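A.B. asks: Using the hints provided, position chain B with the ligands relative to the given structure of chain S.
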Amino acid sequence: MDMAVEAGVIKQHLIDPEICIRCNTCEATCPVNAITHDDNNYVVRADICNGCMACISPCPTGSIDNWRTMPLVRAYSIEEQLTWESLPAELSPEELEAAGVSADAGEEIAAAAAPVPAQAQTTAAEPVFNSAQYGATVPPWSAAHAYTNLFPPKTPTTATVVGNFNCTEAGFESETHHIVLDFGVVPFPVLEGQSIGIVPPGVDAIGKRHHARQYSVASPRNGERPGYNNVSLTVKRVTEDHQGDPVRGVCSNYVCDLKVGDTVQVVGPFGASFLMPNHPKSHIVMICTGTGSAPMRAMTEWRRRLRKSGKFEGGKLMLFFGARTQQELPYFGPLQSLPKDFIDINLAFSRTPGSPKRYVQDLMRERAADLAALLKDGASHFYVCGLKSMEEGVVLALRDVATEAGLDWDTVGAALKREGRLHLETY
Amino acid sequence: MSTINYSEKIPNNVNLGEDRTLQRALEGWQPNFINWWDDVGPEGSTNHDVYLRTAVSVDPQGWAQFGHVKMRDYRWGIFLNPGDANREIHFGDHKGEKVWQDVPGEHRANLRRIIVTQGDTEPASVEQQRHLGLTAPSMYDLRNLFQINVEEGRHLWAMVYLLQKHFGRDGREEADALLQRTSGDANNPRILGAFNEKTPDWLAFFMFTYFTDRDGKFQLAALAESAFDPLARTTKFMLTEEAHHMFVGESGVSRVLARTAQVMNELKTDDAQKIRAAGCIDLPTIQRYLNFHYSVTIDLFGADQSSNAAIFYSSGLKGRYEEGKRTDDHILKGQTYKVLEVKDGQLVEKDVPMLNALNEVLRDDFIKDSVAGVGRWNKVLEKAGIPTRLTVPHKAFNRQIGALAGIKMSPEGRVVNEVEWAAKKNEWLPSSEDFAFVASLMGRVVEPGKFAGWISPPVMGINRQPVDFEYVRFG
Ligand SMILES: Cc1cc2nc3c(=O)[nH]c(=O)nc-3n(C[C@H](O)[C@H](O)[C@H](O)COP(=O)(O)OP(=O)(O)OC[C@H]3O[C@@H](n4cnc5c(N)ncnc54)[C@H](O)[C@@H]3O)c2cc1C
Ligand code: SF4
Ligand code: SF4
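Sequence order for the protein chains is S and B.
The numbers in this note's numbering rise by one with no breaks, and the one at position 32 of the first sequence is 32.
The numbers in this note's numbering rise by one with no breaks, and the one at position 388 of the second sequence is 388.
Derived from the structure by calculation, the hints contain no laboratory data.
Hints are not guaranteed to be accurate.
Some chain S residues judged to face chain B by a derived CB distance under 10 Å, without partners named [what the hints assert, rightly or not]: (1) Cys30; (2) Pro31; (3) Asp39; (4) Asn40; (5) Cys59; (6) Pro60; (7) Gly62; (8) Pro152; (9) Ala414.
Over 12 Å on every C-beta distance to chain B, these chain S residues come out as not near it, computed from the model [what the hints assert, rightly or not]: (10) Lys11; (11) Tyr76; (12) Pro88; (13) Pro189; (14) Asp257; (15) Glu313; (16) Gly333; (17) Asp408.
In the SDA-like style, the derived pairs of lysine to any residue whose C-alpha atoms are separated by at most 20 Å in a straight line are [claimed, not checked]: (18) B:Lys368 x S:Asn41; (19) B:Lys368 x S:Asp38; (20) S:Lys11 x S:Leu82; (21) B:Lys383 x S:Ala89; (22) B:Lys383 x S:Asn41; (23) S:Lys316 x S:Leu347; (24) B:Lys379 x S:Asp39; (25) B:Lys325 x S:Asn41; (26) B:Lys383 x S:Glu18; (27) B:Lys379 x S:Glu18; (28) B:Lys368 x S:Asp39; (29) B:Lys236 x S:Glu27; (30) B:Lys379 x S:Ser86; (31) B:Lys368 x S:Leu82; (32) B:Lys368 x S:Glu27; (33) S:Lys154 x B:Gln101; (34) B:Lys425 x B:Ala405; (35) S:Lys208 x S:Gly197; (36) B:Lys383 x S:Asn40; (37) B:Lys333 x B:Gly96; (38) B:Lys98 x S:Pro153; (39) B:Lys368 x S:Asn40; (40) B:Lys383 x S:Asp16.
Just so we're clear, the structure is a prediction, and the values are computed from it rather than from any experiment.
For every residue, glycine included, the Cβ atom is placed at its ideal position computed from N, Cα and C.
So here's chain S without its partners, still in its complex pose (with noise of 0.2 Å):
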């Protein structure tokens, strides 16, 4: 479960059965079965969805988009959502306080992300802020085409390892590493921007195979090593889950351990549209935390290889990045030195012992008057990658920006949207 879990509160997805009319496109598009009905409603398992919207544009009525601050103690039974007529109201800061959950609760779990604030109730008058809503689904009209699926869940390849290293300064919480692998001849072409997924072996509690976990490419679309059939990964070690318990991340942990020679099962390519434009006057603004900035790597690094053979002209590359301190930044090294003239690199960071905090989007706010240009550009794509947590402050930064450009935040999102130049991928 990885729905915005934060020190004990939930914001519980539930469906407003005064509108929803039963036509079922919920339960049939929900990826992970979170959804189930009886003869009166329609409902939403808590420890099951995860939040990844996948429900939210299909629904025809709207009444699925509906969210509640809950104590996770308290989040409403399947059963008891089954009988109502209407959606009950949202807890009140009071109620909230008596069940424990003091009214900052999430300020700890977001790392370089700020924490999102509570949404308020979603009624037809004011309609909350649904950063996902402007995500483009097409890829810009000069990305390269994609080949996607050519390995399904049901016939994974396999791939070598040919490189693993700690990233991250050795001996921190977050231990991220970056991992070669290797298909051989193989074909798995891919492209910056796509993710591979990686089957972890054995068995879960219930006797299931694992499931294939995703990662983002972190390498340019020539492979790692220019002219090798291999992909490099940024994969961080799991070691407790969203609320801060302890656990062992099944997939994380299995590929830090990896050893040169090792096999694993990959699937995938998957991803067809967060793809980079290759028009040479095309501007790219890279907005990550932690791994997010996997694919933000593959994408600076072809950048930075077509540059070096002459072929690049003009386009601006400009990169917020997000992490708790400098040591937990990956490639904090490499990144330092990129020429100046060539990316424009933002490091927030928000744990740094006698600084203040800062997160991406505060320092997107200071780059407003920048930031606003290339708004206005047709030629500037927006990339945002990494905890979930930061999409939504992330985009109503950029809304902001817009707006005090004296830009119509309405018209830009949906013409970025329109003309996919906002990829939003959060895990």
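C.D. replies: Below, chain B with the ligands without anything else, positioned relative to chain S:
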């Protein structure tokens, strides 16, 4: 990823470019489709830019893209849900075998018939609704009508693809015939009765989209279980589109009820004539419309006993609604089901073999679903403090198909004689006077944010747009 290729003349996610023969066949059919759209599609709408939803891929992220488009330029095409290479037949005599990617010879005729019948309903409803745009109660409603129209058009494409890809020459002929039959045409009518009825006004349209498109949901859901995998994948995707149609119906009637209840409260009356005089549709008229559309729609499920239904099921062509969620043996041999018949002037239940009663099983599933929705309409009245409740008529009321056809029956399920039927008919079913009255309310209101006096505004706009958004730009 199942992205749809829009660079092709016919947008698709089925690699049409690799099948030249099929591509040529479909490209031959396409101009006829456009001619059909121009001739009998939405009247007077050619220059409008409509805020339409289009699919760019069949996964959740991609299937709902919104933007202003001319309907004629709508990207109709062929979209199938992603397949599962290991899918197995899960009911009937072939249970446990791999699903079919091609049509087995022995089931060819039956499959073709199923697909043609389903396909025939899609253009029919566009034809039935072609004049409605001229009397829309708001710009919001006009947009919803047009959205339904283009999607019915796409559903036709979906069926035509199956016919042309899998049924060779007769498939191509059947595909052509779909554009030659016309709803209500005395010489060449649509296949099913309900699709030759007129949709004269917006109350009828809402009832139609509530009841008849819900029939679509159940039929498509049963086909989505099919052992013929291309049919299952096609109908699965159509179901996501169908949901919007039912939404238009359900919320449409709700909004009519909300407005009527509001006026009843303002005028402190339940006198139908006074309500009518105030420009609203009185509750008895709404009940009569409901009786009519409900009874006509349940006829669409076919005869209560049918050997075809048994064959379709046993051979794996058409399953039951939510087949996968049922816990019986999925073969159904030796089981029975209760159907109604009239004996000595009395309605009685009798047991018949389950396999032969599968139309009735699907009809009963539909009835349960519709009744629940009528319950939601009643909540609108309840909330407004109005004591009247809408009800669905008896299953045997006003039936034209099956063992109950032609039996004269009151809405409560009492067998009546011809004399009583003739005397009460206008209490039970809409009369020509009712139609004339409702028609008299149908003026055109298309200023953004304005609504005709007989209907309330919706609770929220489409795709989170405000209710007064410019959903249609008139060119
Ligand atoms: C499109 C996409 C791209 C991704 N790219 C990357 C990438 O480039 N690098 C990368 O490291 N990961 C990436 N992820 C996340 C990755 O797929 C796994 O979720 C992650 O590695 C945890 O898997 P696990 O098997 O170790 O943990 P699991 O065994 O699945 O989970 C153990 C527990 O940890 C919690 N948990 C899961 N992930 C986290 C987390 N990140 N922080 C805290 N708690 C967590 C779970 O809720 C669960 O309670 C991506 C995900 C997606 C959807
Ligand atoms: S948000 Fe995602 S996981 Fe939750 S119910 Fe919707 S589709 Fe399922
Ligand atoms: S998709 Fe929306 S309207 Fe349909 S059943 Fe789900 S919540 Fe209800």
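A.B. asks: Now, for every hint given, state plainly whether the structure supports it.
C.D. replies: Against the structure, the hints:
The closest approach between the C-beta of Cys30 of chain S and any C-beta of chain B is roughly 8 Å, which is under the 10 Å cut-off, so the hint is satisfied. Among the interface hints, the one on Pro31 of chain S holds; its C-beta lies about 8 Å from the nearest C-beta in chain B, closer than the 10 Å criterion. Hint status for Asp39 of chain S relative to chain B: holds, with the closest Cβ pair at about 6 Å, below 10 Å. The beta carbon of Asn40 of chain S comes within 7 Å of a beta carbon in chain B, closer than 10 Å, and the hint placing it at the interface holds.
For the restraint placing Cys59 of chain S at the interface with chain B, the shortest Cβ-Cβ distance is roughly 8 Å, inside the 10 Å limit, so the hint holds. With a least beta-carbon distance of about 4 Å to chain B, the hint placing Pro60 of chain S at the interface is held under the 10 Å criterion. Annotation: Gly62 of chain S was flagged as interfacial toward chain B, and the flag holds, the nearest CB pair being 5 Å apart, inside 10 Å. At a threshold of 10 Å, the smallest CB-CB gap from Pro152 of chain S to chain B is about 8 Å, leaving the interface hint in force.
With its C-beta approaching chain B no nearer than about 8 Å, Ala414 of chain S sits inside the 10 Å limit, and its interface hint holds. For Lys11 of chain S, the shortest C-beta to C-beta distance to chain B comes to about 19 Å, beyond the 12 Å cut-off, and the non-interface label holds. The claim that Tyr76 of chain S is not at the interface with chain B holds, since no C-beta of that chain comes within 12 Å of its own (minimum 20 Å). No Cβ of chain B approaches the Cβ of Pro88 of chain S within 12 Å, the least distance being about 17 Å, so the stated non-interface status holds.
Separation of Pro189 of chain S from chain B is adequate, the least Cβ-Cβ distance of about 14 Å exceeding the 12 Å criterion. With a closest Cβ-Cβ approach of about 31 Å to chain B, Asp257 of chain S is found to remain outside the 12 Å limit, as its non-interface label requires. Distance to chain B confirms Glu313 of chain S as a non-interface residue, since its nearest Cβ pair spans about 27 Å, more than 12 Å. Residue placement check: Gly333 of chain S keeps its beta carbon more than 12 Å from all beta carbons of chain B (closest about 35 Å).
Listed as outside the interface, Asp408 of chain S is consistent with that label: its C-beta sits roughly 14 Å from the nearest C-beta of chain B, beyond the 12 Å cut-off. The suggested pairing of Lys368 of chain B with Asn41 of chain S holds, with an alpha-carbon distance near 13 Å, which does not exceed 20 Å. Of the supplied pair hints, the one linking Lys368 of chain B and Asp38 of chain S holds, its CA atoms being roughly 11 Å apart against a limit of 20 Å. In summary, the hint linking Lys11 of chain S to Leu82 of chain S is supported, as the alpha carbons are separated by about 19 Å, within the 20 Å threshold.
In summary, the hint linking Lys383 of chain B to Ala89 of chain S is supported, as the alpha carbons are separated by about 18 Å, within the 20 Å threshold. A threshold of 20 Å between alpha carbons decides the hint, and for Lys383 of chain B with Asn41 of chain S the separation of about 19 Å falls inside it, so the pair holds. In summary, the hint linking Lys316 of chain S to Leu347 of chain S is supported, as the alpha carbons are separated by about 17 Å, within the 20 Å threshold. For the hint linking Lys379 of chain B to Asp39 of chain S, the alpha-carbon distance of about 16 Å falls within 20 Å, and the restraint holds.
The suggested pairing of Lys325 of chain B with Asn41 of chain S holds, with an alpha-carbon distance near 17 Å, which does not exceed 20 Å. For the hint pairing Lys383 of chain B with Glu18 of chain S, the CA-to-CA distance comes to about 11 Å; that is within 20 Å, so the pair holds. Straight-line distance between C-alpha atoms of Lys379 of chain B and Glu18 of chain S comes to about 9 Å, which keeps the hinted pair within the 20 Å bound. For a cut-off of 20 Å, the pair hint linking Lys368 of chain B to Asp39 of chain S stands: about 8 Å separates their Cα positions.
For the proposed pair Lys236 of chain B and Glu27 of chain S, the alpha carbon gap of about 12 Å is at most 20 Å, so the pair holds. Under the criterion of a C-alpha separation no larger than 20 Å, the hint pairing Lys379 of chain B with Ser86 of chain S is consistent with the structure, at around 11 Å. The suggested pairing of Lys368 of chain B with Leu82 of chain S holds, with an alpha-carbon distance near 17 Å, which does not exceed 20 Å. For the hint pairing Lys368 of chain B with Glu27 of chain S, the CA-to-CA distance comes to about 19 Å; that is within 20 Å, so the pair holds.
With a C-alpha separation of about 18 Å, the suggested pairing of Lys154 of chain S with Gln101 of chain B holds against the 20 Å cut-off. Between Lys425 of chain B and Ala405 of chain B the alpha-carbon distance is near 16 Å, which keeps this suggested pair within the 20 Å criterion. Straight-line distance between C-alpha atoms of Lys208 of chain S and Gly197 of chain S comes to about 17 Å, which keeps the hinted pair within the 20 Å bound. Simply put, Lys383 of chain B and Asn40 of chain S have alpha-carbon atoms about 18 Å apart, close enough for the 20 Å limit, and the pair holds.
As the CA atoms of Lys333 of chain B and Gly96 of chain B are separated by approximately 17 Å, the hinted pair is consistent with the 20 Å bound. Taking the CA atoms of Lys98 of chain B and Pro153 of chain S, the gap is near 19 Å; set against the 20 Å cutoff, the hint holds. At most 20 Å may separate the alpha-carbon atoms for a hinted pair to count; Lys368 of chain B and Asn40 of chain S meet this at roughly 10 Å. Among the hinted pairs, Lys383 of chain B with Asp16 of chain S is consistent with the structure: their alpha-carbon atoms are about 16 Å apart, no more than 20 Å.
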